[in-house]
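Asker: All chains, please: the whole structure from these sequences, using the hints.
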Amino acid sequence: MVWNALPTFFRGAAVTLALAVSSVAVGMLLGIPIGIGHVCASRPVRTMLWSFDRVFRGFPAIVLLFLAFFGASGLPGVRIPPFAAVVIALGLRSAAYQGQIYRGALAMVERGQVEAARALGFSMPRTMWHVQLPQAARFSLPSLSNEYSVVLKDTALAFTVGVVDLMSRAKFLAMRSREILAAYLLVAVFYFVLTYAGIGLFRLVERSVAIPGLGRHGTRRIG
Amino acid sequence: MKYRTMLCLIVGFVACVSSAVSAENVYVDGIDAAFPPFSFIDESGEPAGFDVDVIRWIAEEMGFVLEIVPIDWDAIIPTLTSGNIDLIASGMTITAARSERVAFTDPYWMIDLAVVVRQTEDAEGEPDPELTLFTAMQPGRRIGVQRGTTSQDWLEENVVGVGIGIELVLYENFLLALEDLLIGRLDGAVMDEPTARSGIAGRPLAIVGTINTGEIYGYAVRKEDTEFLTLLNEGLRRIQATSLWDELVAKWLVGV
Chain A
1 MVWNALPTFF RGAAVTLALA VSSVAVGMLL GIPIGIGHVC ASRPVRTMLW SFDRVFRGFP
61 AIVLLFLAFF GASGLPGVRI PPFAAVVIAL GLRSAAYQGQ IYRGALAMVE RGQVEAARAL
121 GFSMPRTMWH VQLPQAARFS LPSLSNEYSV VLKDTALAFT VGVVDLMSRA KFLAMRSREI
181 LAAYLLVAVF YFVLTYAGIG LFRLVERSVA IPGLGRHGTR RIG
Chain B
1001 MKYRTMLCLI VGFVACVSSA VSAENVYVDG IDAAFPPFSF IDESGEPAGF DVDVIRWIAE
1061 EMGFVLEIVP IDWDAIIPTL TSGNIDLIAS GMTITAARSE RVAFTDPYWM IDLAVVVRQT
1121 EDAEGEPDPE LTLFTAMQPG RRIGVQRGTT SQDWLEENVV GVGIGIELVL YENFLLALED
1181 LLIGRLDGAV MDEPTARSGI AGRPLAIVGT INTGEIYGYA VRKEDTEFLT LLNEGLRRIQ
1241 ATSLWDELVA KWLVGV
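Those sequence lines, one after another, are chains A and B.
FYI, the numbering for the first sequence is 1 to 223, going by my numbering.
FYI, the numbering for the second sequence is 1001 to 1256, going by my numbering.
Bear in mind the hints are in silico, worked out from the structure with no lab data behind them.
Computed from a prediction, not measured in an experiment: that's the story for all the values here.
No false leads were slipped in.
Pulled from the structure, derived: some chain A residues nowhere near chain B, Cβ distances all over 12 Å:
#, residue
1, 97
2, 193
3, 207
In silico contact screen, one side only, chain A against chain B (beta carbon under 7 Å); selected entries:
#, residue
4, 5
5, 172
6, 175
From the three backbone atoms N, C-alpha and C, an ideal C-beta is built for every residue, glycine too.
Answerer: Written out as structure tokens, the structure reads:
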């Protein structure tokens, strides 16, 4: 019975992957401006960003999930579908974490390079775009693969708001077949594969965009 | 520019998903994914069970499109009231507390609660339950129930509430309670009787007694969905008048 359920696990894995990728994407969309903001913005803006940070890193993922799903639905006329609720909750949380990742990555860029660029007449935005961001992007990749790994596991909560993901497939199988251990071991294998496939992808990217000589601060050296 | 495209994609995606759910005449039925014989997910990942068969028949007869989704039982009523599902057809008992939050259809089935314990064989090879109904309900016994069910309510009110010191252990699902009972972490478990019969099949467990609560099952909808409620009641009336009803009862609910 466990083997018959394998196709359902693949369907669940597809949903889980979609949730994880969407959430990380949302996190990136918001996290990059937030990271830059932490470094460059004015004090009031930075205070706001820290508040965002506190909220979305301060609560457990499941609390954020329920707030997104049930809380918003308390407002009249607002109905958030389960998949969207998960992406919003995990995405915003990821944005807070990614904001920190990019802040750290920007800090890793040698001060001397920024000063040299400014001395050569680059404006602040230009320096950011041509000098800081390209390097920070490469520095952020290892932490980003970590973030993907974490978000992927957090999606296991999705069934609590009704998204039939990989974890729920394991539950159904466990209940139906009563082979609790087998079902959960199987799902563990799936999560393992999804995690390390993703991390492997990140390493490929790291290698392909690596700048020769830019090795001291964290990216892998090539060769 | 890339950010704008991303934003449009995300908004578009959310819009598509929400519009798919709120399309004309599609009603979403939330079920407990592991509540045999009334509703469960089978090996191929499809919803199955008595309530699933009945509600599908009603949907076809009364002319609405039905989508069945498994929902975590703990969150099922909030999921209904928040509009993410439209109906709960999943072996749900009509209670006063629940009726304050949702509207129920006419009753369609009546059940009692069953007390389950481990069972071995005695010297003559006869089945020998470890405890009786009464020895199971004594101070110090660990009794498992599914969270948010009438079994929990009954035990809290009539056993724990009157001072009998059993230890009530709550589980996400009654099957997990049965697993713990088998392992020895529990002395007994209480659940709806048809589901108890389904759960003990093929295992060294026995029902040693029933608690005659005479509770009735109904389908739950939001309080404001009065038209849908009338539709469902009419559908129930019709199916109960057919021979299909007796067939389904015989298939799912008799002698599991």
